[in-house]
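Visitor: Each chain is listed here by its residues.
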Amino acid sequence: MIRTEDIRKEYSDGTVALKGVTVNIDKRFTAIIGRNGAGKTTFVRILSTQLLPTSGKAFLDDIDLIREPRKARREIASIPQEAMPIGVLTPLELVKMYLIARGMSFKDSHETALKALDALQLREFKDKPTDTLSGGTKRKIFVCMALAANASTIFMDEPTTGLDPISRLEVWSALRMLTGNIILTTHYMEEAKELSQDVILVDSGRVIERGTVDVLLSRFAGLVRAESYTPKPGTTRIGGIYIRYIKSSEAEEFLHSGFNIKGITLDDVFIKHGVSLES
Amino acid sequence: MVSALNLKFIFLLAWYYGFNTILRGPSYLVASLSTPLTLLFLVYILSHGAFVSYAVVGGFTALISTISLSSAGDAAFLRLQLRFQDLLVATEVGPTDYMLGLTLAYLVFSLPGIAIYAVFGAYLHLFTIINSLELTGLLVILVIATASFSFIISGLIKHVRNVWGIAGILSIVMTVLPPTSYPYTFLPNWGIWALSLSPTTPTAILAQGIFSLSPMYPIMIVILLSETVLFFVLARYLTRWREV
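Heads up: the protein sequence lines correspond to chains A and B, in order.
My numbering puts the last residue of the first sequence at 279; the count rises by one with no breaks.
My numbering puts the last residue of the second sequence at 244; the count rises by one with no breaks.
Bound-form chain A, shown alone:
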């Protein structure tokens, strides 16, 4: 289980990325969602021992993630945001190198890498330089590293950003094969819904919502989203769209008033906070 207490991070340029995050993370899949710049990556980089917080505490079970990084690194694997494989190396070489970096022997790393490549159906690409592979396959190589690492806690920072829908499905399928607890950051609500038992919504360096997808959606029970491209009374503007949450029984009436009516999705948990911020 990961436990944090009042984690704060202020960068040297004065940017305050985290303003006191206290959470317990103990589910198999946990998604940290938030807008760009919300603090997701900073939080995950601190938990994965890549970045020191300005203050606060973080533990993985009884390991102090701030003071005992070496001990922690035996238990975790972390795939950074926008990581790309070295183009001249092959998937087999990259996975082996990652395992060697984690302290595995040459022999074991070779066998484990091949098994992981097999599991993710990457065997046919194993000896091809990665700069010849598709974007989805490149991302799967990193999932393969995490799979082969067999770590108890795996951090995946925006694992599917920039991928097409098919590649995203492939990566999701690969992520489900990982053992251990997985903490992933994303700004795709669909991804959070698809993969996570627990969702942490972060905005402006703070946790603003927490719960299972069902619990978060239950707050919108009986509501629908009314959208308009022109200003309407009682709406709040997000970009060029004017939004209002209404009872589903009012949908017909709003439809006649020029609104589009949308069903509630996990996006709305996100948007609702955006709305309140804009207001």
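Rather than coming from a laboratory, the hints here were simulated on the basis of the structure.
Think of the CB as a built atom: it goes at the ideal place given N, C-alpha and C, for glycine as much as any other residue.
It is possible that some hints are incorrect.
Claimed, not checked - Under 7 Å between C-beta atoms, here's a sample of chain A residues computed to sit facing chain B: (1) S48; (2) Q50; (3) L51; (4) L52; (5) I76; (6) A83; (7) V88; (8) E93; (9) A101; (10) G103; (11) G239; (12) I241; (13) R244.
Based on these hints, arrange chain B on the given structure of chain A.
Guide: Below, chain B without anything else, positioned relative to chain A:
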């Protein structure tokens, strides 16, 4: 210190990143050879062959410096663009393992060029067993010094767009200006000391002494070793491993 190093990772990174880059990206190799070979050609033409021995002996130094200093761009690219360094931070690899692995990779990458210069040197009857061993030792120290300097620079680069420009400037300033292709005795005393800020200069001066092309300048070994230790220690703390 040695027992704490992940030697398996260091050698694997050196082999994969050095050797496979030669095999799968030969254009990089040609590019890295172009400056030292061009200098050799120009020295041959302009000196009517008189300084070719200087350019061949200095060519080893220039080649190692060019490749190691261009690694500033490479290391920054690996950190900023590919996030390779971030990937390794949460493993058992430390910054020293990473630096040594990449440094050795650049040494492997330099081997074809070293072989070309060795052929030139053999043709000019420059080598003895003693001076070959001394030169090898010098080049190993130089690759550590220049690669460490590169890691310092790469740690200071914040945007990948600045990477290649800075690496190119460094490569020229630190390999063309030092006495890699002319007798260091041509330089005024203050010039020697000013250029000695680059580890290429003491290496080139010592190489000229080892091959009896110019008088030996023993203090340069102290300069070179001091710079190597200083740059390595600084690089160890400036590689932005676990960021603050």
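Visitor: Please go over all the hints and tell whether each is borne out by the structure.
Guide: Going through the hints against the structure:
1. S48: At about 5 Å, which falls below the 7 Å cut-off, the nearest Cβ of chain B leaves the hint on A:S48 intact, so it holds.
2. Q50: With a closest approach of 5 Å, the A:Q50 hint holds.
3. L51: This interface hint holds because 5 Å falls under the 7 Å limit.
4. L52: 5 Å, holds
5. I76: 6 Å, holds
6. A83: 4 Å, holds
7. V88: Given a least distance of 4 Å, the restraint on A:V88 holds.
8. E93: This interface hint holds because 5 Å falls under the 7 Å limit.
9. A101: Status holds, d = 4 Å.
10. G103: Because about 5 Å separates A:G103 from the closest Cβ in chain B, which is inside the 7 Å limit, the hint holds.
11. G239: 28 Å, violated
12. I241: 34 Å, violated
13. R244: This interface hint is violated because 41 Å lies over the 7 Å limit.
Of the numbered hints listed earlier, those contradicted by the structure are 11, 12, 13.
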